[in-house]
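Q: Sequences listed follow chains A and B, in order.
Counting in my numbering, the final residue of the first sequence is number 375, and the numbers go up one at a time with none missing.
Counting in my numbering, the final residue of the second sequence is number 210, and the numbers go up one at a time with none missing.
Some clues are possibly wrong.
What the hints assert, rightly or not - Derived CB-CB ranges, DEER-like:
#, chain 1, residue 1, chain 2, residue 2, range
1, A, Glu184, B, Gln113, 41 to 47 Å
2, B, Asp171, A, Gly44, 31 to 37 Å
3, A, Thr93, B, Arg124, 42 to 48 Å
4, A, Lys328, B, Ala24, 57 to 63 Å
5, B, Thr32, A, Tyr45, 30 to 36 Å
6, A, His47, B, Pro106, 49 to 55 Å
7, A, Gln17, B, Thr32, 24 to 30 Å
8, B, Arg124, A, Gly49, 27 to 33 Å
FYI, nobody ran anything at the bench for these hints, they're computed from the structure.
Glycine included, each C-beta is placed from N, C-alpha and C at the ideal position.
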Amino acid sequence: MTSALKTEYLTINMGPQHPSTHGVIRFILKTDGEIIYECDPDVGYLHRGIEKIAESVTWQGFVPYTDRVDYVCAMNSNLSYCMAVEKLMGMETEIPKRAEYIRVIVSELNRISSHAVAIGAADMDMGAFTPFVHFLREREHINDLLEMACGARLTYNYICIGGVHNDLPPAFLSKTAEFLDHFEIVVEQINRLISYNQIFIKRFANVAVVPPKMAIDYNLVGPNLRGSGIKFDVRKDKPYSVYSDLDFDIPIGSGRAGTLGDCYDRYMVRVEEIRESIKIIRQCLKQIPAGETKAIVKSTIKPPKGHVYFRTETPRGDTGYFLYSDGKTSPTRLKIRTGSFTGMSIIPEIARGVFIADLVAIIGSLDIVAPELDR
Amino acid sequence: MGAYFQNIKDGFTTAFEGMSISFATMFVRKETVQYPEVDISSNATIAEKYKGSLMGMPENYRGILDVDLSLCTACQICQKACPIDCIVIDNIKCDKTKLSDGDGSPVLNRFTQKEALKTRTVTRFDINAAKCMYCGLCEKACPTSAIRHTNQFEMNRESQEELILRFVSDDVKATAEKRASEIEAEAAAKKAAKAKKAQEEKAKEKGAEE
């Protein structure tokens with residue numbers, strides 16, 4: 001008897017309800033023992049038709065919906081949409097300087113909190129629960145600050161077309177400065193707790209390597225792209241708002257734990273970006289001028305006919321809003337391009353031949369947020 | 001082989017470094033707010049029982065909506081501003097009145113800075129608190145600040161029906177409708193009188209011509 005033993009691939013489901021996918025994402029895995037042979041991401045479980053809803057609400061009425069596109073960094077989504085509408089209306093230059101600075105401060109604060117969740121969740125998926133709790137404790141302070149500014153903790157709806165809804169409360173700037181001084185120390189502490197931990201580094205290093213060329217081919221954006229060593233940041237390369245007046249660096253991956261573009265590089269880019277955001281906010285706090293916070297905008301907006309695409313750098317990368325206007329009170333077509341989607345599309349490629357447990361590391365390091373993925 | 005033992009050694013030292021930080025956290029002030037026991041409604045009340053550094057609710061917190069009907073001009077701007085149509089307003093004619101505060105000073109329109117005039121009154125002002133997404137667009141659109149967010153956020157009810165806040169009671173609605181029909185009748189009577197007068201004058205003119 002020489003007939004070989006037949007082995008079959010075992011198809012298993014990971015998700016839709018899985019503790020490490022942080023949202024409703026499903027992966028159909030074909031496994032060969034513990035090794036993934038094929039990984040097929042199944043998106044669409046959180047599809048709420050936000051792009052279609054836009055066609056039936058007013059231009060201002062869509063701003064609260066952008067909060068829900070990516071609830072981990074609602075402020076950045078607000079900013080992206082509002083700046084797109086402003087570009088469509090041709091009123092970019094009318095925005096008061098103070099409003100621009102407020103927008104940058106709040107969106108960078110939100111970037112810190114988003115990265116804190118991303119890093120904390122990645123740690124938690126790897127079995128280190130403590131750093132996640134530390135990060136959530138710090139995020140609570142940011143939530144407090146943003147709540148002070150706009151009255152909500154998660155779905156802010158603070159940035160509006162033409163500026164920001166209301167001026168910052170008097171104590172906001174001093175409290176923010178206080179928080180940054182405190183947080184800078186905490187970041188280093190948490191780094192010592194987890195990021196420099198040899199066991200953690202060994203777990204993340206050399207896993208799911210994305211070479212620079214592959215990152216460009218798959219259209220990765222944001223920290224995932226920079227993790228592969230490509231220095232591209234919309235804030236620097238296509239500056240919007242007041243980013244051209246601010247001095248900050250773009251952290252990129254350098255293969256500090258092993259190969260360039262592995263999970264640890266993507267992770268450390270986020271840690272470095274937190275530090276850069278602190279730097280940006282400090283400069284803004286120094287430079288912020290007094291004055292108006294909102295340009296005069298009619299209560300019924302009817303942008304001229306035409307279309308516009310505007311991109312901003314959100315924590316999950318290059319988020320673009322495409323707007324098509326027929327000169328009516330609501331958009332004729334709206335399309336949102338998000339970073340999570342391209343992050344998801346690269347998973348089948350990099351997840352081939354890795355352990356099932358490493359897929360969790362991949363999802364954690366790519367920082368995929370399910371509602372942004374499906375919109 | 002040396003690298004293997006080096007790894008183990010590094011693993012141990014960095015893990016112990018992490019543990020030292022975890023240990024130090026035991027002596028840091030606790031940040032958790034024991035919510036129902038601690039009153040979080042403002043910075044002053046939270047400080048009574050809570051020793052951490054988190055803040056209480058700010059004054060501009062966006063909680064459940066409240067409407068001050070004495071300031072409402074039934075203009076329906078909030079209804080149009082709401083992206084999810086959770087506000088329903090019906091209105092009818094009423095006596096022309098100038099809105100005034102409690103102390104008698106006139107209420108100004110926030111946008112035009114003119115005195116707010118009330119020519120219609122609401123017979124129905126429903127806000128569906130279950131549907132509302134607390135975005136604050138109605139509050140920002142209201143010219144007289146009649147609709148506003150409160151600090152209230154606890155609202156457990158047994159059914160969805162009870163989550164619809166009805167600000168106009170049936171009695172108020174009935175009196176408003178009665179008054180509206182009276183106004184209509186008065187207006188109709190005035191119109192009829194005017195028409196009659198005009199007819200009489202016409203007839204007079206005709207008579208004079210003849």
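Q: Each of the hints needs a verdict: does it hold here or not?
A: Status of each hint after checking the structure:
Against the hinted window of 41 to 47 Å, the Cβ-Cβ separation of A/Glu184 and B/Gln113 comes to about 46 Å, which satisfies the hint. Under the hint 31 to 37 Å, the C-beta atoms of B/Asp171 and A/Gly44, about 51 Å apart, miss the expected range. For A/Thr93 and B/Arg124, the Cβ-Cβ distance of about 44 Å falls inside the hinted range of 42 to 48 Å, so the restraint holds. Remark: the range hint 57 to 63 Å for A/Lys328 to B/Ala24 is upheld by a beta-carbon distance near 59 Å.
Look at B/Thr32 against A/Tyr45: about 32 Å separates their beta carbons, and that is inside 30 to 36 Å. For A/His47 and B/Pro106, the hinted distance range of 49 to 55 Å is satisfied, since their beta carbons lie about 51 Å from each other. Judged by the Cβ atoms, the range 24 to 30 Å given for A/Gln17 and B/Thr32 holds: they are separated by roughly 28 Å. Between B/Arg124 and A/Gly49 the C-beta distance comes to about 30 Å, which sits within the given range of 27 to 33 Å.
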